[in-house]
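In this note's numbering, the protein residues as written are 27 to 533.
No lab work stands behind these hints: they were computed from the structure. Incorrect hints may appear among the rest.
Using C-beta positions, here's what the derived DEER-type ranges look like [to be verified]:
1. 499 x 447: 17 to 23 Å
2. 124 x 372: 38 to 44 Å
3. 428 x 98: 48 to 54 Å
4. 216 x 469: 39 to 45 Å
5. 61 x 291: 21 to 27 Å
6. 454 x 281: 33 to 39 Å
Capping the alpha-carbon separation at 25 Å, the derived lysine-lysine pairs in DSS-like fashion look like this [what the hints assert, rightly or not]:
7. 262 x 495
8. 262 x 386
9. 209 x 88
10. 531 x 445
11. 236 x 495
12. 372 x 357
13. 415 x 386
14. 217 x 386
15. 372 x 351
16. 88 x 262
17. 236 x 209
18. 531 x 495
19. 262 x 531
20. 103 x 162
21. 458 x 510
22. 52 x 108
Even glycine gets a Cβ: it sits at the ideal position worked out from N, Cα and C.
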Amino acid sequence: MASQPKTAITPTRLDDYPEWYQQVVKAADLAENSPVRGCMVIKPWGYALWENIRGVLDGMFKETGHKNAYFPLFIPKSFLEKEAQHVEGFAKECAVVTHHRLQAGPDGKLVPAGELEEPLVVRPTSETIIGTMFAKWTQSYRDLPLLINQWANIVRWEMRTRLFLRTTEFLWQEGHTAHSTLKEAQEETMKMLDVYGKFAEEYMAMPVIKGEKTESERFPGAVSTYCIEAMMQDRKALQAGTSHFLGQNFSRAFDIKFLDAEGKDEYAWTTSWGVSTRLIGGLIMTHGDDDGLIVPPRLAPSHIVILPIIHDDATSNDVFEYCDKLAAELKRVIYDDRRLEVEVDKREGRGGDKVWSWIKKGVPVYLETGPRDIASDSVFVGRRDKSRKERFTMQRTEFVNKAPDILTDIQNNLFTRAKTFRDNNIRIIDNKDEFYEFFTPANKEKPEIHGGFALCHWNGSAQVEEQIKNDLNVTIRCIPLDGKTEEGKCVISGEKSSHRVIFAKSY
RNA sequence: CGGAGCGUAGCGCAGUCCGGUUAGCGCGCUUGGUUCGGGACCAAGAGGUCGGAGGUUCAAAUCCUCUCGCUCCGACCA
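The whole structure should be built from the sequences, with the hints applied where relevant.
This is the structure we're talking about:
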């Protein structure tokens, strides 16, 4: 008999975290690399997760008054050039279309022909094209606010890619709004940050810290950038969403003007905000364990999987019938304002393989159902947030009634677990040596999981940021919004500081 | 773009240094059987112009030249 691995995923998180991540993506059948460099194929289970993320967020955007629209994939190069900082930030990572057809060359191979007069850039983000349109749509203060969201794919030509966390092409959502006053635009920026925070914590069960980015980490062209930062299980930070207050930078560049109530010509105040398929990477690294993915119930493509246990042909029909009946009952149950998604796994094959395939995919609840359960009219319940040893038997009717409570309990448990982990790895540091020690792995060749979030005073200088980035590869993730004012001294320079910021290694 | 490594069956690899029968192994796949609250076992089978092009040679996965692609480590970043 082949020796059984202790865990479904090899290596474990502790052994090799980056490799563990790749293996989970593969084992959970979320996505794989495509023949196109840096671009991924999102497979059904991963895409269903994205659809659920999209569905919830879309509802939240609409509740806050936004409408969806769609803008072109291609942006004339000249548009990008209009906002100086914006170009500078994105110029290095743009895919550029220069031709519009292919011709057979002398060797029979196709070569680009029909050069464009003006190259088109594949959107790395849409401020410029949307700004151009906003300028047309805005004449009076009565046209404002413009509250637009777009679900789209974008391309950023990154040097190195990792499935979900950084791919050349990725799916995202970008909100773009224009307002007649600074105050309203600032409020919009914070409102959408709150939407992201709520979504991350309540749906993804991923605790986040809301904060503002320092100047060096700011979105190119923004006046201020706010973010939600989450801690992954290797204690590195993941920027999970951003909301930008763009001031009048883009409205000046794109001429988004309106006449106010007094008949005065004014530039609009704009914002933009976005989250991407990167969230799925965050989900994996927040909840996943050495047996694979764990999907929070509120985002699960399937809440419950029923696995019929078949002994022989004589009883198989009874078992299937019982499972189908149970599935039908469960599908009528409401959980989180929608009907339970239930799947009966009737695939041929060994029971063990099937159970483990669902464990790796992270389905919240799995029921192993055979003749014994039928005889006692009960179900054998496995919770993905608990160990295999903790499976338990429950009367069928009781389970049907309690299923939503069980799922709610799993959802809460995942959040609590993640929050405890994060809080245990936040350290208040006031001393430079301790700071350096905190972020230095014992094994430099193959760094073990180390560090975390360091809450420290900072003198506000980019020089300090530069120094710790060079020395330790640590950056300021954000200046927390709920951070109290507190007199202290910069952990690096010793200069005066009035509040603490979060330092961490990041994705 | 720098530094390292790798391209041999669907996947993971051995063989390459030192050229030589019909290119192997594990997993997976197909068929049959034995198991059965479990990630099984036995047997039989299918599957490869060894990343590509050129060269050296009686003979190339193996040596030489050129090329293409991928992964990892840096710089860049949601």
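So, going through the hints one by one against the coordinates:
| no. | hint | result |
| --- | --- | --- |
| 1 | 499 x 447: 17 to 23 Å | holds (22 Å) |
| 2 | 124 x 372: 38 to 44 Å | violated (52 Å) |
| 3 | 428 x 98: 48 to 54 Å | holds (50 Å) |
| 4 | 216 x 469: 39 to 45 Å | holds (42 Å) |
| 5 | 61 x 291: 21 to 27 Å | violated (52 Å) |
| 6 | 454 x 281: 33 to 39 Å | violated (48 Å) |
| 7 | 262 x 495 | holds (14 Å) |
| 8 | 262 x 386 | holds (23 Å) |
| 9 | 209 x 88 | holds (21 Å) |
| 10 | 531 x 445 | holds (18 Å) |
| 11 | 236 x 495 | holds (22 Å) |
| 12 | 372 x 357 | holds (17 Å) |
| 13 | 415 x 386 | holds (16 Å) |
| 14 | 217 x 386 | violated (36 Å) |
| 15 | 372 x 351 | holds (14 Å) |
| 16 | 88 x 262 | violated (33 Å) |
| 17 | 236 x 209 | holds (20 Å) |
| 18 | 531 x 495 | holds (9 Å) |
| 19 | 262 x 531 | holds (5 Å) |
| 20 | 103 x 162 | holds (19 Å) |
| 21 | 458 x 510 | holds (22 Å) |
| 22 | 52 x 108 | violated (42 Å) |
Of the numbered hints listed earlier, those contradicted by the structure are 2, 5, 6, 14, 16 and 22.
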